[in-house]
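Chains as they are written, first to last, in this note's numbering: chain H, 6 to 259; chain X, 48 to 265.
To be clear, the hints were calculated from the coordinates, so they are not data collected in a lab. Nothing here was measured: the structure is a model prediction, and the numbers come from that model. Backbone N, C-alpha and C fix where the C-beta goes; we use that ideal spot for every residue, glycine too. The reader is advised that the hints may include incorrect statements.
What the hints assert, rightly or not - Footprint (simulated), chain H over chain X, 3 or more residues, beta carbon under 8 Å:
#, segment
1, 53 to 63
2, 109 to 122
3, 129 to 139
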Amino acid sequence: MSEVAIDAQQLARRYGRRWALAGVTFRLPAGTATMLVGSNGAGKTTLLRVLATAIHPDRGSVTVGGFDVVRHREDVRKLTALLAHQNYLYESLTARENLEVVADHLRISRERVMPLLQKVGLAARANDAMSTFSAGMRKRLSFARVLLQQPGVVLLDEPYGALDPPGFDLVDGVVAELKASGATIVMATHQWERSAAMCDRAIVLEGGAVIFEGSAAEWNAGVPPAGPAASRAAAPRGETPPSQPAGRRRSGEP
Amino acid sequence: MIAALRKELLLQWRTRGQLMAVFVFGAAALLLFSFAIGPNASALRTFSGGFLWLGLLLSSTLTLAESFHAEMENRALEGLLLLPAEPRTLYYAKAIANWLQLMVLGIALIPVMVVLYDAGTTRLPTLLLVVALGTAGLSAPGTLYAAMTAQLKAKQTLLPLLLFPLIVPALLASVKATSLVILGDPMGQARPWIVLLLAFDLIYWSLCGLLYGRVIED
Numbered sequence: 006m007s008e009v010a011i012d013a014q015q016l017a018r019r020y021g022r023r024w025a026l027a028g029v030t031f032r033l034p035a036g037t038a039t040m041l042v043g044s045n046g047a048g049k050t051t052l053l054r055v056l057a058t059a060i061h062p063d064r065g066s067v068t069v070g071g072f073d074v075v076r077h078r079e080d081v082r083k084l085t086a087l088l089a090h091q092n093y094l095y096e097s098l099t100a101r102e103n104l105e106v107v108a109d110h111l112r113i114s115r116e117r118v119m120p121l122l123q124k125v126g127l128a129a130r131a132n133d134a135m136s137t138f139s140a141g142m143r144k145r146l147s148f149a150r151v152l153l154q155q156p157g158v159v160l161l162d163e164p165y166g167a168l169d170p171p172g173f174d175l176v177d178g179v180v181a182e183l184k185a186s187g188a189t190i191v192m193a194t195h196q197w198e199r200s201a202a203m204c205d206r207a208i209v210l211e212g213g214a215v216i217f218e219g220s221a222a223e224w225n226a227g228v229p230p231a232g233p234a235a236s237r238a239a240a241p242r243g244e245t246p247p248s249q250p251a252g253r254r255r256s257g258e259p
Numbered sequence: 048m049i050a051a052l053r054k055e056l057l058l059q060w061r062t063r064g065q066l067m068a069v070f071v072f073g074a075a076a077l078l079l080f081s082f083a084i085g086p087n088a089s090a091l092r093t094f095s096g097g098f099l100w101l102g103l104l105l106s107s108t109l110t111l112a113e114s115f116h117a118e119m120e121n122r123a124l125e126g127l128l129l130l131p132a133e134p135r136t137l138y139y140a141k142a143i144a145n146w147l148q149l150m151v152l153g154i155a156l157i158p159v160m161v162v163l164y165d166a167g168t169t170r171l172p173t174l175l176l177v178v179a180l181g182t183a184g185l186s187a188p189g190t191l192y193a194a195m196t197a198q199l200k201a202k203q204t205l206l207p208l209l210l211f212p213l214i215v216p217a218l219l220a221s222v223k224a225t226s227l228v229i230l231g232d233p234m235g236q237a238r239p240w241i242v243l244l245l246a247f248d249l250i251y252w253s254l255c256g257l258l259y260g261r262v263i264e265d
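If we strip away everything but chain H, and leave its shape as in the complex, we get (with noise of 0.2 Å):
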């Protein structure tokens, strides 16, 4: 993987006629935890399904490990793993059953799923459907599946949303773990201060937009961003730019 994990120029993404993402600018150094903060309908889902390809951004580039999301989707795909919000499991099949298929899929061994689903505390469900697992579980499962891929980047989508407590100790065990093995982390959550003791950088998206960009420390510490952020989106020619914030915001924090 190339020193700069990800580089996002001037991306763009719209929904019908509203951009949710407009002219993104970032560049994350690999091997860093990066929480992505920003009020709901920000564009943090839209960010991390376009860095996973999952969709395609329609204006602007982006690279992952290197390669450019549109045209070497596959190298990325290999790269990268998404914890989204659709959790990607077959509601019919049992835990094991579901991370059996990505084993296959993936040709890895069958023998390292139960590991992965005594490690996210489902050991004692393996062999339960998911139909019957609470949200909490099938977010566990779903830490498990991500896990699995073995990923170089790793984009997580409000990965503390559903767990309990203990939850979220597990996920925070499980981005040590994989910062500490060297993987690329972005992370969306709406948990700013358990997020910024274990981020090195943050980004803060408003409307579409980045509105701050630098790290994670600094911006817990509530130090403002200096002027218009460098990396400030500019909307895509012909569209009315998206509001931008006065400044940062706490008000939703948790």
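Given the coordinates of chain H, assemble chain X onto it according to the supplied hints.
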């Protein structure tokens, strides 16, 4: 390919109750067709091949549409594509699984047809071959169109609307070959229809495999 096919068969096994429901639907359709003809043994036997394929066709729309339900429920198909899994591999695994399901359904409906229409035949292997080739002709385009319509609200309506015109040649060849097998084939006419069916199957399976990637990717 084996991994994808194994997953498809596992999913089908877990939802095997649906196959029984579809079989009952197909058998009910055959029963209704026999009522429409009335107690005319000769007419029943003459049209039995057509009715068998109509029953199979109507049942196939249910099984084909349902085959993508599990894939769309938690965006599981997207999850596989992001692993990455080759779209063509996923297509052929799904199409083969659907084909096997339709073939089982077709074979299960043959005794119903024989009983209701007095349409027994001694050429059972040939009849089974026609059922296998005919259901392959339903499965390949059916899987493609089921993928296209899986995310639409009106999928149950749109799937037959899109599928039926496309499979007319395969359906026609299947009906003709089945009728000849049941009614007798002194002139050896069944063979050209079976060859034609095979040719259409090859076209469907090749083209649909090529198009599937474009259909399911954003």
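Hint check results:
A stretch counts as covered by a chain when three or more of its residues have a beta carbon under 8 Å from one of that chain; for the segment 53 to 63 of chain X and chain H the count is 6, and the coverage holds. Only residues whose C-beta sits within less than 8 Å of a C-beta in chain H count toward coverage, and the segment 109 to 122 of chain X has 4 of them, enough to reach three; the restraint holds. Proximity of the segment 129 to 139 of chain X to chain H, defined as three or more residues with a beta carbon under 8 Å from a beta carbon of that chain, is established by the 4 residues found.
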